[in-house]
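Peer 1: Residues per chain are reported as follows:
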Amino acid sequence: MLQQVEGSRAVAQTVAACRPEVVCAYPISPQTHIIEALGASVKSGSLSPCEFINVESEFAAMSVLIGASAAGARAYTATASQGLLFMIEAVYNAAGLGLPVVMTLANRAIGAPINIWNDHSDAMSVRDSGWIQLFAETNQEAADLHVQAFSLAEQLSLPVMVCMDGYILTHAVEGIDVPAQSDVDAFLPAYQPRQVLDPDTPISIGAMVGPEAFEEVRYLAHLRQLDALQLIPAVSEEFEAQFGRQSGGLVRAYRTEDAETVVVALGSVLGSIKDAVDIRREAGERIGVLGVTSFRPFPFEAVRQALATARRIIVVERAFSIGFGGVLSTDVSMATHDGGSRLHTVVAGLGGRPVTSRSLDAMLARAALDDLDPLVFLDLDRDVVKRERARLVGTRPPEPTADGVVGWLGTASGGG
Amino acid sequence: MFQVRIHGRGGQGVVTAAELLSVAAFIEGRHAQAFPSFGSERMGAPIVSFCRIDDHPIRAHEPVIEPDGLIIQDVTLLHQVDLFSGLTPEGYVLVNTPRSVDELGLGSLVGRFHPGRLASCPATQIAQEQLGRPLPNAALLGAFSALTGAVSLDALATAIRQRYPGEVGERNVVAAAAASRAIEPSPSELSRAAAG
Amino acid sequence: MAAQPVRFYQVGSFAVGNRLLGDDDRTVQSDPARANSLDCGHRACQGCGEALGARYVLDAAMRSSQGKLVAINATGCLEVFTTPYPETAWRIPWLHSLFGNAPAVATGVAAAMKVKGRTDVRVISQAGDGGTVDIGFGCLSGMFERNDDVLFVCYDNEAYMNTGVQRSGATPPAARTATTESVGPEPGNVFGQGKDVPRIAMAHDIPYVATATVGDLRDLEAKVERAMEFRGARYLHVLVPCPLGWGSSPSDTIRIARLATETGIFPVYEAEHGRITRVSTIRHRTPVEDYLSIQGRYAHLFGPQGHPEVIARIQAKADGNIDTYNLMGEEDDGTAPSGSGD
Amino acid sequence: MEPVPFAITLDVGSSHANRTGSWRVNRPRFVERVPPCNDACPAGENIQGWLYRAEAGDYEASWRQLVEDNPFPAVMGRICYHPCETACNRAQLDESVGINSVERFLGDLAIEQGWPLPPAGTGTGKRVLVVGGGPAGLSAAYHLRRMGHQVRLVDSAPMLGGMMRYGIPAYRLPRPVLDAEIDRILALGVDVVLDHAVRDLEAEREQGNCDAVFLALGAQVARRVEVPCGDSSRILDALSLLHGVAVDDAPALGRRVAVYGGGDTAVDAARTARRLGATDPVIIYHRNREHMPAHRAEVEEALGEGVTMRWHSAVSSFNGEHLVLEKMTVNEEGVPEPTGEFEQLDVDSLVLALGQDADLSLLDRAAEVRMVDGLIEIMSPTMMTGERGVFAGGDSVPSQGTATMAIGQGRRAARGIDAYVHGEELGDPPRGELASFDRLNTWYYSDAPRTMRPELATARRQGTFDEVVGGLTEANALFEARRCLSCGNCFECDNCFGVCPDNAVVKLGSPHGYRFDLDYCKGCGICAQECPCGAIDMVPEADMVPEAN
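These protein sequence lines map, in sequence, to chains F, E, B and G. With this note's numbering as the guide, the letters of the first sequence map in order to residues 420 to 835. With this note's numbering as the guide, the letters of the second sequence map in order to residues 2 to 197. With this note's numbering as the guide, the letters of the third sequence map in order to residues 31 to 372. With this note's numbering as the guide, the letters of the fourth sequence map in order to residues -8 to 540.
No wet-lab data here; the hints were simulated from the structure. Don't take each hint at face value.
[What the hints assert, rightly or not] If we take Cβ atoms under 10 Å as the criterion, some of the chain F residues that face chain E in the derived model are: (1) Q423; (2) E425; (3) N473; (4) T557; (5) Y586; (6) H590; (7) E593; (8) G594; (9) A609; (10) Q611; (11) S687; (12) S776.
[As the list claims (entries may be wrong)] Mimicking EDC-like on lysine to aspartate or glutamate, the simulated pairs with C-alpha atoms at most 20 Å apart in a straight line are: (13) B/K146 - F/D646; (14) B/K98 - F/E635; (15) B/K144 - F/D619; (16) B/K144 - F/E701; (17) B/K98 - G/D510; (18) B/K225 - B/E175; (19) B/K144 - B/E259; (20) G/K498 - B/D54; (21) G/K117 - G/E103; (22) G/K498 - B/D53; (23) B/K146 - F/E720; (24) G/K498 - B/D61; (25) B/K146 - F/D617; (26) B/K98 - F/D619; (27) G/K498 - B/D353; (28) G/K117 - G/E378.
Model, not experiment: these values are computed from the prediction. We put the CB at the ideal spot given by N, CA and C, even for glycine.
From just these sequences and the hints, can you work out the full model?
Peer 2: As structure tokens, this is what we get:
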């Protein structure tokens, strides 16, 4: 039912409609509203049967889900930032054991310095964990992706992480069509575990695997992710059939037909990008947008096709691999290495800095004039960086401030 | 698109105000978006919230930089924060105070902005009368709808009733109506044009 | 194991079995039909106290739960020597996740069983001392505090044996480990450190806390069965000598555990809802030398370059325990001797 | 459910593929050792064997095990000085097991229940002459009958039993008990001739054309010393005193009675005198209590009954009223020496208890039978004398001179005779390794002090010949039996089965014990270390011939 509601609450209602049997809660901004709402619906009895467990840490949260899932229960939690890092050992473990838990990641920066605002550093820190990582562009999609996440997780026996931008989506009140219980029940069958702890059919889960088989285990896990590349679009289509709207899938292209310039991004920033691109389209520029929904598994083929006509690829990233550069950019360039296109990485919105369509437009203008560096930090305050660098000169060897990295990469910053 | 920025202090319901406004617009069948200025400010600290209203789906999730309307919940912020940054020349300003705009010493503003779009409203006093508590949100929004016509008083009333079922809701609706009457004259046509 | 109806003085109530007992009165381990939850073919060292303790605990729990048991295992020797691909020695449903999360994983299993209405299935979580007192402690305390329906068993061999005998929070004073070498003025582990997890567990006011050793296997079995009578969080701390890490003869595993209790070094007791309800009294009080001198990890305390003053400190600690827990059973304070069939 | 994930998830039972037995350098093996009680029993009883059955409450089976070796449980349970209890390992733990009292319980129960001895064996046609119906003779007769030989048992006395009847006072061995156990033997079919003194062995043997002879002559001739005295009627020997009492012809002793000697007979005499009305019987012995050959328990009871002792004293003269005693001292070799100091003691009579000798006149023509110190010399472990086919035992051969010893010799002789008449020769029976205390793991045995047999109030004892020492109740007997440590032999306590960290011990179920599963036994040795009774050895693999155990 369409309602004007906060993103977090929409997600909570949707997750509840998926009838999770074990939900773990450990508070961390900006995920709190989701688990608060779920806790309320368990306490009120509207979500039943369900065990809502207030754990002592994120590490425990994921660990409890591992146990619950291995025992055959549909399991869910939400976290962000430091919380994800604190549970990271269990995050890898859940994937390694092939346990289909679903987790919302309310994307947030990672300290130090401590920062509670949005960026994608947390999601990037577990991109190699073996989880499926889906990014929501809007709150509508955030809600819808959770329904698809449970379906994907349980069909593949893999954990799925739904990434939605902290605050920007989680705290935004918008018109959202929250999936109805009846539709979800029709779409999502009961959890049939691939393996389960059952006294009637005892098995040992979590053996120690040595060199003789470990590589095979890892390769099989990779094949399973490749299977997901087939399944994700299929589930998205089933979803559209059931719910009557498009949601999920691997990638979503916007006005990329004949586009020479394509802006690639993850998550909610796509909104402002599309606004900026529309304006430039009206001005006659052949520019489009490619939103990547499935970050892991990474849909190389879909990305390659969507960027087939592009001569200039601009990857706008809310994350940054210090000492290297873009993260998504690397994946995109691998997908398009033979396309002869130029690739720019635009690092934007770190630690919650707003990514405004105004700044984006200025950046795109420079790109149009072929005046855009390979690595750009959007809205970087050059004066602060210069002052800091100057202050350090002669005191001790330069420290790796952002500018130091930029200098080392031989780039300068663009944008406003 | 009609964009609103609300200034207040932590605990005064700044975020709720933006949300109520967005719900009212939603009830009118329009697209709306409300969100706080994300942060960890504590009670009493100056904060802002935002609201966007449009006839088309709203894609951008960036903060409102050039508001079409300002609501200042706490007059004591006037000389502490740059309340008017980015306000469009055609923009509206509503200040919660029993005093007149002139009395506030905002004379300088009068020149910069469209006359008749600056208004003050004794929302806290109205709330005190109607609710017995100094919760100015409903009254302010009532006045704001009268001043800007961004949303109708009816839609606002419905939104208020949804949020506060029962007696409390009704009193808030009365407060909103009282405040809207206090705004005279209501240049709604103009504002609709501006909002369109 | 209830007190035997047959007073069999040949073995009192201390041996595993007794040919004269009826099937209903037999210990689990004397029963040819026991579960052997931890089966043969595992790769534990010769004379492994942990392997012995684990089979006792799980078989007893299997009987108490009519075979409806799930076991969670922290990383450690027990996990490594039981489940090296492609062989598992577990005959019960078993899950290994990580080193530090065994209590939380068990909480999840218990929650799943509850939500599925399978309250007949009981959950045991087990770890070594590292996985309990050190890296797993946060999760353990959380599990206790929520009173989740899990029996957590710590097999305490007083160091990180799996990684090559490094010090843990359960390593006793003066003991040599790879990270507390027997060199310098204060050889071995220092005094004044370490964690008394059973007492910490009691401070959580959970229904049942007990200590035991593989030196009194009937008592160990009885405590598991008692623990299984409760719902909620329960904690069992079992001392399991490690021939490798303690530098002792594999055949002495049980003997050493017994000496740990007969010297007062390791007090054996039971507590319910935070209150000690029963203490196993010492049957033949023994000086700590008898315990220390047969372990390589204390070798530096003996001989010409020995440290009698350190032995004296250890004796003082043992005497302190005997005092604190009334291990000699002086003046009747309602505590009965362990396992006595009288 | 699709198949479980590769490698990270495993199916049960897969560890069986890993034969950890290959780690083993030492192998456990069950052993059977000789328990000290069995080792010490003069009658050769399998004490641990019958206690094991008694523990289970199967008293008849226990009794049957007992009478395999000794047909006199009720008698033994009263008069045996139980060296088994002296040897018992349990004495080092708390107190020795009350074997003797359990034996008596079983003996009395058998009489009460009328359990018959095992039947005589099928006839062999061989005939054996047994001279003397004392413990040795009766024991031999019993075993010979079970072997199927005919037995001709002759005795000079009017009744069978020998010293058991004519030497041991009734307060120690009530006659009905003795009669019952003798009758049970006779019921096997023994040709008994009483009141028949054998003068000439050869003649006797030919007359009965016996294939073999067992001499159980006993020692009825009291030793005497020259005591200068006026009235010899006031002096008599202990044997005739006890004999007289036994046949209801008690001599008059008077109030003040002195007994000269330090053996059990002396004590019996003094206690008998007490019962005959002597107010203060005194035992005169030339050494001190430590050197007194009489058994401690007997002496204790005597003292309790008011018998007094005079140590370091020798009788020098007795004039019928005044008994003159010479003080003795002990030199550095521990040999008593006269001191020349005298003292006087007024007594009404003097009883001499200075030992007995055997009457061997019947052997005058049996040249090959050799003698030593007036006793028959034994040439083989089966009690054969210097003459082939002639065996001897009891007090007429050199030995401790206890009834138990005599019973054991009767049994050994019977085995020897059986072999002899079949033209075979028996050597020394093989001796197993002793089950010593240090091999026990005593922690598993809980402390359980011995149950003392109830004793008649000493007040009641004096003056009557009622039995002094009572028997055990069934509960007590069971308790006592279960105090047995089963030294050196598995009693199925399940310890090895329970303590194996590798489940490598297979329980076969009583009475089959256990088997080691060498496929998985790593040889840690915990089973051996924790075996309460020391019935498991660890043997180096190198020493093992490759075979399953």
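Peer 1: Go through the numbered hints given earlier and state which of them the structure violates, listing their numbers in rising order.
Peer 2: 3, 9, 10, 13, 14, 16, 17, 21, 23, 27
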